[in-house]
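Trainee: Sequence:
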Amino acid sequence: MTETRRLQLHLGKCIEDLDKLHNVPDLKSKRAHLLCKTAQKLFEKAEQERDRGDEENSYVYYMKYLRVVAFLSKDKEYMKDKTYYNNMLGTKNPNKAIDAAEMLKNSLIDRYAKEQKAKRLHDIKENELVKQIIDENRKKAIEAIPVHEQPQPVGLPGPDEVTIKSEQLYSILKSGKLKVMILDARPGKDYLESHINYPACISIPEECISPGQSANVLEQNLPSASRAVWSERAAMELIVMLDWSSTAVIPGKTLHLLKTILLKWDIKVQYARQPLALLGGYEDWLLKYPAFTTNHLAVPPSQNSMLDDMLGEIEYPSWSDVVPPSPPAQQAPAPQRAAKPGEPVVDRTSKMAAVQLYEERARNMQLILEEQQRIADTSLTLEMQRIEAEQDWEKVREQREAAQREDLRAMYQLRQQEISSLLMQLENKQFDMEQENQRLREQLEEYQRREREEAERLAESIARAAEQSASDADAQAAMARQEASCAALRELSARRAHIAEVRAARQHLDRRRELLETERKRKLTEARTRRKPQDDDGDTFMEPPEDTVEVPGINRSQSSPNIPKQVSDEEEEETPAPAFDRSTKPHKMAPSSEMQQRDFQPVWGNVVSTCN
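Residue numbers (the working numbering): 18 to 629.
Worth flagging that the hints you see were computed from the coordinates, not collected in a lab.
Incorrect hints may appear among the rest.
Stated by the list, open to error - Derived BS3-like pairs: lysine-lysine, alpha-carbon spacing no greater than 27 angstroms straight-line:
#, residue 1, residue 2
1, Lys142, Lys113
2, Lys156, Lys131
3, Lys134, Lys62
4, Lys285, Lys194
5, Lys134, Lys37
6, Lys113, Lys37
7, Lys47, Lys131
8, Lys131, Lys142
9, Lys113, Lys97
10, Lys45, Lys131
11, Lys538, Lys134
12, Lys54, Lys91
Model the full structure from these sequences, guided by the hints.
Mentor: Here is the structure:
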């Protein structure tokens with residue numbers, strides 16, 4: 018059946034609504050013949066509705082048919098003559114109805130899920146539209162004075178978040194910039210087996226947390242090792258709660274109760290921010306950071322499936338359990354008479370044995386057929402029980418989904434309340450800022466007004482002094498004021514002059530020191546120049562002092578004269594040799610030729626030619 022031929026859903030909103038419709042009345046007073054006709058009509062009606070495209074009615078009729086067949090299989094009249102009633106029902110119709118019912122059920126579940134999803138999307142779009150309108154109005158209201166929120170530290174969730182990821186918590190713990198306290202709300206034995214390897218990670222056993230409990234009572238029930246860290250909770254910048262695998266703070270759960278105790282029943286402590294829940298719980302942390310735990314081999318508690326509990330006691334038959342009876346032992350053939358030549362040999366005793374063998378085989382075949390029929394009936398009954406179990410499971414699943422939706426609705430309501438409280442805080446903060454801005458504006462206006470009044474009074478006093486300059490008393494007062502001002506000016510001028518003299522003296526001393534330094538350097542240079550003997554080419558050379566003993570250096574030949582020695586002898590004959598302090602003589606330095614060095618480094622820009 019194609020998608021275009023299916024009719025719209027009209028009987029219910031979920032598969033449970035259809036399950037309420039296929040319940041049949043009490044059939045104990047009905048005869049088997051009438052039940053067979055009713056089942057046949059239900060099957061035909063289901064086929065017609067299926068061909069018409071109405072999956073809901075078809076599913077209801079198929080389920081009614083299967084219920085009638087299941088009741089009929091237990092009837093006494095049916096047990097007496099199964100072949101007759103099976104021919105009336107149709108040998109293949111029950112299996113066909115089971116397959117069709119399963120297919121229709123899956124199709125209807127998918128269609129209901131799509132319809133609910135479309136409805137939720139429509140509701141979400143409407144909520145987003147309303148939220149957009151509210152946000153636009155709010156932006157227009159706070160456009161005048163924008164609120165600048167302080168940036169959150171790196172890795173820390175926003176102020177509206179109620180959970181924190183394992184990656185964010187790990188980065189915060191590794192950085193060590195924030196004071197973090199971790200509250201492990203798992204059972205005490207699980208905490209002792211394995212927990213986060215952090216000094217401020219303490220155990221808040223699940224069995225110690227109860228509704229309506231205060232923080233003081235909870236502290237008394239805590240283990241002794243946890244009380245020391247618990248007493249420092251007011252100084253913590255971040256508090257993280259965790260259990261095994263929670264992904265949200267659901268009302269009624271352990272984390273929600275602990276958060277309520279911290280925020281509402283811990284009056285003496287004002288927290289820096291609301292406690293956050295670890296997303297995925299300790300199971301997620303153990304999976305991602307096993308090296309940051311005390312025992313990475315800890316196993317999370319397993320969750321048993323309700324379907325396994327419901328269908329665990331059902332036993333299905335097996336063909337290996339059917340053991341056909343062993344054939345009877347063949348009787349020993351009787352001794353035959355010696356036949357005469359030309360006469361046929363006839364064994365009269367084997368006729369009865371053959372008849373018995375054929376009857377035994379027919380009886381065995383009948384037993385096998387009856388066993389097959391019994392197995393088929395049992396399989397049909399088990400199939401009906403399986404369908405009923407699946408229906409019960411679907412009901413339980415829907416109830417669980419409804420409970421989850423209720424929890425999500427409660428969580429959304431709690432989130433809405435938190436957002437409303439945050440909005441009220443922001444509005445109060447905006448009002449305070451407006452009041453502060455108004456107060457500062459008034460202070461500025463008052464200060465400007467006072468300056469204008471003071472300037473006006475000064476101008477009036479000057480004008481009044483100018484007008485009353487004709488009178489002697491006013492003149493004397495003016496003279497006194499002028500003298501006072503002149504004295505102040507003279508004192509100020511004297512101080513300025515003194516400062517100028519000090520500065521001039523300092524500058525003079527600096528210049529004098531520079532001149533003395535320059536003169537000293539010049540004299541030292543001249544003295545060094547005079548002390549250095551020079552040859553004809555202008556090169557200086559060193560001469561050993563008179564009081565030193567000449568040490569033979571290079572072995573010269575007898576034919577080569579010692580020219581420096583001859584020159585020194587001639588100079589000694591003409592003028593007396595001056596005495597030199599060789600300890601103060603600097604080493605010979607090569608003449609610098611920095612002015613002749615050229616720079617061949619590339620220069621960016623255009624080259625300007627200097628040639629005419």
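Trainee: The structure should be examined with respect to each hint, and the outcome stated for every one.
Mentor: So, going through the hints one by one against the coordinates:
Of the pairs offered as hints, the one joining Lys142 and Lys113 is violated, with about 43 angstroms between alpha carbons and a cut-off of 27 angstroms exceeded. Simply put, Lys156 and Lys131 have alpha-carbon atoms about 36 angstroms apart, too far for the 27 angstroms limit, and the pair is violated. For the hint pairing Lys134 with Lys62, the CA-to-CA distance comes to about 31 angstroms; that exceeds 27 angstroms, so the pair is violated. Restraint check: the Cα-Cα separation between Lys285 and Lys194 comes to about 25 angstroms, which is no more than 27 angstroms; the hinted pair holds.
A C-alpha spacing of about 23 angstroms is found between Lys134 and Lys37, which places the hinted pair at or below 27 angstroms, so the restraint holds. Between Lys113 and Lys37 the alpha-carbon distance is near 22 angstroms, which keeps this suggested pair within the 27 angstroms criterion. Of the pairs offered as hints, the one joining Lys47 and Lys131 is violated, with about 41 angstroms between alpha carbons and a cut-off of 27 angstroms exceeded. In summary, the hint linking Lys131 to Lys142 is supported, as the alpha carbons are separated by about 16 angstroms, within the 27 angstroms threshold.
Between the alpha carbons of Lys113 and Lys97 the distance comes to roughly 25 angstroms, so the proposed pair stays at or under 27 angstroms and holds. For the hint pairing Lys45 with Lys131, the CA-to-CA distance comes to about 40 angstroms; that exceeds 27 angstroms, so the pair is violated. A C-alpha spacing of about 98 angstroms is found between Lys538 and Lys134, which places the hinted pair above 27 angstroms, so the restraint is violated. A threshold of 27 angstroms between alpha carbons decides the hint, and for Lys54 with Lys91 the separation of about 17 angstroms falls inside it, so the pair holds.
Taken one by one, the earlier hints fail for this structure at numbers 1, 2, 3, 7, 10 and 11, listed in ascending order.
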